[in-house]
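K.L.:
For reference, the chains in residue letters:
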Amino acid sequence: MPKIPLKWLAEYVDLVDPAPEAVAAALVKVGLEEEGIHGGAVSGPLVVGRVLSILKEEQSNGKTINYCRVDVGDHNDPPGQDGLVRGHKPDHNDTFPPSRGIVCGAHNFVEGDWVACILPGGVLPGPFPIGGRKTYGHWSDGMICSAKELALGDDHTGIIVLASPSGASEDLGYDADALAPGQDAIALLGLDEKTIEVTITPDRGYCFSIRGIAREYSHSTGAAFTDPAAMAVSGTASDAAFPVLLEDAAPIRGTVGCDRFVARALRGFNPGAPSPAWMKRRLEQSGMRPISLAVDVTNYVMLELGQPLHAYDLGKLTAPIVVRRASAGVDGTAETLVTLDDATRALDPEDLLITDSVGGHGKRAIGMAGVMGGLDTEISEATTDILLEAAHFDAITIARTARRHKLGSEASRRFERGVDSALPPVAVQRALALMQEFGGGEIEDVYTDAGETTEIDPVTMEIDFPSRIVGMDFPADEVVASLEAIGCHVTRLGDELAVAPPTWRPDLDAPVTLVEEVARLRGYAEMPSVLPVAPPGRGLTHGQKVRRSVARSLADAGLTEVLTYPFMAPERLDECLVPADDKRRKLVRLANPLAAERAVLRPRVLFTLFDAVRVNLGRGAQDVAVFEVGRGYLDTGTGVAGLPAVDGSVTDAELADLDAALPEQLRMVAGVMTGSRVPAGWNQPAAAWEWSDALALVETVAAAAGVSLTRRADSYAPWHPGRAAVFALPDGTPCAHAGELHPKVCETLGLPARSVAFQVLLDPIIAFTEGVLVAAEAVSQQVVAKEDFAFVVPAAVTAGALVSVVREAGGSLVEDVRVFDVYAGAQVEAGHKSMAVNVRMRAADHTLTAEDVLSVREAVIAAATGQLGAVLR
Amino acid sequence: MSDLHPLDADGVEAAVAAAISAFDAATTLDELKEARLAHTGDKAPLTLANRGIGALAGPDKATAGKLLGGARASIGRALAARTEVLEAERDARVLVEEAVDVTLPVLRAPLGARHPLETLQETMCDIFVGMGWEVAEGPEVEAEWFNFDALNFDPDHPARAMQDTFFVAARETDDAGAGLGGQAGETPTSGVVLRTHTSPVQIRAALERKDALVNEGRGIYVICPGKTFRTDELDATHTPVFHQIEGLAVDRGLTMANLKGTLDHLARALFGPDAVTRLRPSYFPFTEPSAEMDLRCFICDGGDTSCRTCRGTGWIEWGGCGMTHPNVLRAAGIDPDEYTAFAFGMGIERTLMFRHGVKDMRDMVEGDVRFSQQFGMEV
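As they're listed, the protein sequences go chains A and B.
By the count of our numbering, the first sequence reaches residue 873 at its end, each step adding exactly one.
By the count of our numbering, the second sequence reaches residue 1379 at its end, each step adding exactly one.
Because the hints were derived from the structure by calculation, they are not lab data.
Heads up, a few of these hints could be off.
Unchecked claim - Derived DEER-like restraints, expressed as beta-carbon distance ranges: (1) P1158/B - R133/A: 47 to 55 Å; (2) D1232/B - A19/A: 30 to 38 Å; (3) A481/A - G1303/B: 31 to 39 Å.
Said to hold, decoys possible - With a straight-line Cα cutoff of 20 Å, these simulated DMTMM-like cross-link-like pairs (lysine to aspartate or glutamate) come out: (4) K406/A - D1164/B; (5) K1210/B - D659/A; (6) K545/A - E1137/B; (7) K29/A - D1264/B; (8) K406/A - D341/A; (9) K7/A - E21/A; (10) K744/A - D574/A; (11) K1359/B - D1235/B; (12) K1227/B - E664/A; (13) K406/A - D1156/B; (14) K3/A - E35/A; (15) K363/A - D348/A; (16) K1227/B - D763/A; (17) K363/A - E410/A; (18) K744/A - D731/A; (19) K1227/B - D77/A; (20) K1227/B - E1366/B; (21) K29/A - E664/A; (22) K1210/B - D763/A; (23) K545/A - D1126/B; (24) K406/A - D1232/B; (25) K1210/B - D647/A; (26) K586/A - D574/A; (27) K1210/B - E654/A; (28) K1061/B - E1013/B; (29) K583/A - E571/A; (30) K29/A - E1317/B; (31) K1066/B - D1008/B; (32) K1227/B - D611/A; (33) K29/A - E526/A; (34) K1043/B - D1008/B; (35) K1061/B - D1008/B; (36) K363/A - D313/A; (37) K134/A - E170/A; (38) K545/A - E1378/B; (39) K1227/B - E1137/B; (40) K1359/B - D1274/B.
We put the beta carbon where it would ideally sit given N, CA and C, even for glycine.
I would like the entire structure built from these sequences, with the hints used as guidance.
P.N.:
Okay, here's the thing in structure tokens:
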């Protein structure tokens, strides 16, 4: 996001309070959020120095180190009577002309060069306080600074040379005659200048410029604004200038790729002329690297006005320039372009190209419009004749090309958000004038202005519309004044306004967009706060209540809720022994996963919940009981969702098609438990989490959801085939599994042996219980009778079977049947076990008689014996 | 000792005195029992004397009966009184002896906990349910149309690019040319994404409720919490899976002042009666005018330039909001000339972070139970 040097900003708008924080606050008010304030992080002494001598010494590590004596004026070591200075220990035996000793590892400078030295007591950005120290066998009083050390740029390949009178070193272009040893370099280098970085929302493309920010600052504070683009363009637009043809045969979404192309020549330019130091400094403060005068000027004007520019070497161009889409190429070979960065780009037929006519009309691509220029026609150190381009490109065309080629540039960033279509001739004029000022040459009197821009349609708005939308009163005069302040042309037609937006505000395309302008110029802070009254609501839905109840019950049962990512490796299903034909293999796959190995969505919550268990075990926990309420995703939809119209004409059938495209995404709850459920304590022995606890938690969930489930043994991954149950709704729909995990799964996933788990599909339970009201039965006042039975049964007979036989046989008098003891061992015949059940009986209308109880007893024994081969012990 | 004669008044009085003094001398209930047996048992002088009444002549019988009856009553009262004293002493002693160490651990099993992101969502929903709003939900894997198009995201909007949105892969068996909804120039996709915000639920809720709006004049007031996804790598302040809560109100004559009023109410309910909000202009495709919503830093109240919660700015960025764009209402089949609407949304993670001083987002997502356990059952 753009960095705005405040001194530059102040050239076009009066800063009411120049403190960066105050400028930031003013910009926030109109919608430009501060991202940071930069600069001002260097404190002195940072001074100009002249390198008097360089003593090169090779070190044992192979590096050559320079011991430099630098004349820093008033900061030199104190001279002796002979006028010479002596160094600090260990250089105290040598004498030098007035100077200070500094050790430097860079080699891009020579004796006589002017440099910037930070001396002891100074502080570099970091902050790094600088002191004198002994190093490489010398005493070094600070450093000769690089651009990076001063936070002026990224360059750390050498130190900054301010001026090189001998011409032997590459310098920043300062006038050596104007420099004095010991002069403050902080002000000289602009290091005391602050830069404010702001976020630009996508509707404000014009704010990618000093011009736009200055205008917004003026809106916020009322300060006087001078439009840097308000300048007369000299010369004439003429067909006699360099011919440019706009030939877009395939506009995107009905908009041509280029509707204005201004080109103008500068001849006799001195390509060796340096950029002025102030320009380089502002470029660096704005985050751009100075390159050469011509390139620096194009960037400078872009930063100032917001219009991207491109300079061609006129001598390398063959007229006419043709702006067209890339050709699809014959036999599948795409057209290519070698861009400025020396990369060969295969072009897409949607890419808009600047071409010239080497080899035929529009045959040679010389740039990807609005994104990056071509290498062939780039200006070089030898270019004396320049053709400067300023064009107006379609935002979508440029955005697609930049994205397609992953080539975001300063130019594309601006075009994507929209550039003022009135700028091209002005920007060219401004840029060529700067090039001429610092590099000489003649600006051609005629220039090309091809194409025709369409005016932005005026918006009609009722004058009280802003008041109605915002909920505060905006007098008509204020509405008009605000819209005019942002550059609109406003015509009053009775109760309505016809508002023609300025060329830099293509986003103002509807009355509501004008409301925002009126409101923000008043300031959002002025808005009243009025709580609206909603109609009476229906409260939480059944499903929402059930989910809360389930989560709370599990937490009450000692489990901790966690949230895991739904991203999963498909191999997790193999680790969990899920069979190849299992429904859970219908995985939803991501086109662009964060990690290639986790490219699918979990089909069930349990599969990713294991990860949370491992995290806790890895951090030293031994007893872990976690649960998660979330969704599992199955690729059961049609898989392709269309894009119906957004004008309100969408039909129920189209909406149904959208829903049909989506994967199944059932809500469910899963839990994994390992270690001790009850730790050993002073009043109890430890109890481990075991299979029955997992089953019990399913019953807890079911109770919280208001349903009772049936269960039977089931073999289902990832559970132990002999120690897990499937649960079903009263209508037989399976909806839960629980039990001990398969020993192999525990081993593969690194879970302790005999870890247990459950998973309950909540959506089917919620659907089943939705709207079902409990029909209350009267509570019997009669006395209860209890009877115990101990049966020896074949080992295969389950408790569930015994209970259901007993219940059935006992008939309506039986209130509850409960297995209270199971025994297999020496006292019982091999292949058999003993199960003891307690039966509670009660009648609704009378106290049970001895005969009643006896008849139940006999019926129970007969049924158990007959149906299960049970023997009463 | 010689037998006590039933008519020996002095003797009886002495026997009573002896009994009372024996009772008084007893320091335990056992000693009292011995004293009782000695003075009222079968062999006790008074008992024997009582037995002798039968042998007396008529008038003497009555005299002796009265004398001995009075004596027995006196002894009984003394015994009862002493028993009460000694029993009270014993009870007091036993209660002291039975005292336990109440600082021993008493939870037989550790307590569980809810995840604070879930309970905070519920808390925020409850604030709105209390105002009559309803909680609306929708799918997490969502059609692009709901996630983008219906929300006025242009097909070329940068947010639709691959770098922000998780796209569901097109099935290999599907027509490779599908390309539906995929950004031009990107890999063809299924038109299905992991929703990048909870805003698609606004469209679903509006579509479901628009008939009641038009026919019954019942304004739509919904709050939409849930999981959202963006392709951010996990770090201290970003997570690819996060939670949002959004509100949508559609009614006749709703204004931006109503939006501000709603946000102020939420802020006060969550952060206390002194909470202050600030709106500043911003941009979202689905609202116009749009605003960012900031909360006055409730740690430093804007008074500390080194405050770590607000980074010295005095304001905490909380969420985005605005007046729902007419195109969005239109997509949901609602006439923007008849009805106006506002919408707002904020991140639950962010809200939890600054409300509870959570420093690192990774703590919320890694599944370490110690994080949830700090919060217990409610936030």
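K.L.:
If a hint holds in the structure, say so; if it doesn't, say that too.
P.N.:
Structure-based check of each hint:
1. Checked against the given bound of 47 to 55 Å, the beta carbons of P1158/B and R133/A, roughly 50 Å apart, stay inside it.
2. Between D1232/B and A19/A the C-beta distance comes to about 34 Å, which sits within the given range of 30 to 38 Å.
3. In this structure the hint that A481/A and G1303/B lie 31 to 39 Å apart at CB holds, the actual value being about 36 Å.
4. Among the hinted pairs, K406/A with D1164/B is consistent with the structure: their alpha-carbon atoms are about 15 Å apart, no more than 20 Å.
5. Of the pairs offered as hints, the one joining K1210/B and D659/A holds, with about 19 Å between alpha carbons and a cut-off of 20 Å not exceeded.
6. For the hint pairing K545/A with E1137/B, the CA-to-CA distance comes to about 13 Å; that is within 20 Å, so the pair holds.
7. A hinted pair counts as satisfied when its Cα atoms are at most 20 Å apart, and K29/A with D1264/B qualifies at roughly 19 Å.
8. For the proposed pair K406/A and D341/A, the alpha carbon gap of about 13 Å is at most 20 Å, so the pair holds.
9. The suggested pairing of K7/A with E21/A holds, with an alpha-carbon distance near 14 Å, which does not exceed 20 Å.
10. Note on K744/A and D574/A: the hinted pairing holds, with a Cα-Cα distance of about 11 Å set against a maximum of 20 Å.
11. Between K1359/B and D1235/B the CA atoms are separated by roughly 11 Å; this keeps the pair inside 20 Å, and the hint holds.
12. Distance check on the hinted pair: K1227/B and E664/A sit about 16 Å apart at the alpha-carbon level, within 20 Å; holds.
13. The suggested pairing of K406/A with D1156/B holds, with an alpha-carbon distance near 15 Å, which does not exceed 20 Å.
14. The straight-line distance between the Cα atoms of K3/A and E35/A is roughly 9 Å, inside the 20 Å bound, and the hint therefore holds.
15. The straight-line distance between the Cα atoms of K363/A and D348/A is roughly 16 Å, inside the 20 Å bound, and the hint therefore holds.
16. At roughly 17 Å between alpha-carbon atoms, K1227/B and D763/A fall within 20 Å of each other, so this suggested pair holds.
17. About 27 Å separates the Cα atoms of K363/A and E410/A, which puts this hinted pair outside 20 Å; it is violated.
18. Between K744/A and D731/A the CA atoms are separated by roughly 33 Å; this puts the pair beyond 20 Å, and the hint is violated.
19. A threshold of 20 Å between alpha carbons decides the hint, and for K1227/B with D77/A the separation of about 67 Å lies outside it, so the pair is violated.
20. At most 20 Å may separate the alpha-carbon atoms for a hinted pair to count; K1227/B and E1366/B meet this at roughly 16 Å.
21. Between K29/A and E664/A the CA atoms are separated by roughly 46 Å; this puts the pair beyond 20 Å, and the hint is violated.
22. With a CA separation close to 26 Å, the supplied pair K1210/B and D763/A exceeds the 20 Å bound.
23. In summary, the hint linking K545/A to D1126/B is supported, as the alpha carbons are separated by about 12 Å, within the 20 Å threshold.
24. Restraint check for K406/A and D1232/B: satisfied, since their Cα atoms lie roughly 18 Å apart, inside the 20 Å limit.
25. For the hint pairing K1210/B with D647/A, the CA-to-CA distance comes to about 15 Å; that is within 20 Å, so the pair holds.
26. Restraint check for K586/A and D574/A: satisfied, since their Cα atoms lie roughly 14 Å apart, inside the 20 Å limit.
27. Taken as a hint, the K1210/B and E654/A pair is honoured in the structure, with Cα atoms around 17 Å apart against an allowance of 20 Å.
28. Using a Cα cut-off of 20 Å, the hinted pair K1061/B and E1013/B holds, with the two alpha carbons roughly 18 Å apart.
29. A C-alpha spacing of about 15 Å is found between K583/A and E571/A, which places the hinted pair at or below 20 Å, so the restraint holds.
30. The straight-line distance between the Cα atoms of K29/A and E1317/B is roughly 14 Å, inside the 20 Å bound, and the hint therefore holds.
31. Restraint check: the Cα-Cα separation between K1066/B and D1008/B comes to about 12 Å, which is no more than 20 Å; the hinted pair holds.
32. Taken as a hint, the K1227/B and D611/A pair is honoured in the structure, with Cα atoms around 19 Å apart against an allowance of 20 Å.
33. The suggested pairing of K29/A with E526/A holds, with an alpha-carbon distance near 11 Å, which does not exceed 20 Å.
34. The suggested pairing of K1043/B with D1008/B holds, with an alpha-carbon distance near 18 Å, which does not exceed 20 Å.
35. The suggested pairing of K1061/B with D1008/B holds, with an alpha-carbon distance near 12 Å, which does not exceed 20 Å.
36. This hinted pair checks out: K363/A and D313/A have alpha carbons roughly 18 Å apart, not beyond 20 Å.
37. A distance of roughly 30 Å separates the Cα atoms of K134/A and E170/A; the hinted pair therefore is violated under the 20 Å criterion.
38. As the CA atoms of K545/A and E1378/B are separated by approximately 16 Å, the hinted pair is consistent with the 20 Å bound.
39. Using a Cα cut-off of 20 Å, the hinted pair K1227/B and E1137/B holds, with the two alpha carbons roughly 10 Å apart.
40. The straight-line distance between the Cα atoms of K1359/B and D1274/B is roughly 24 Å, outside the 20 Å bound, and the hint therefore fails.
Consistency note: the structure conflicts with the earlier hints numbered 17, 18, 19, 21, 22, 37 and 40.
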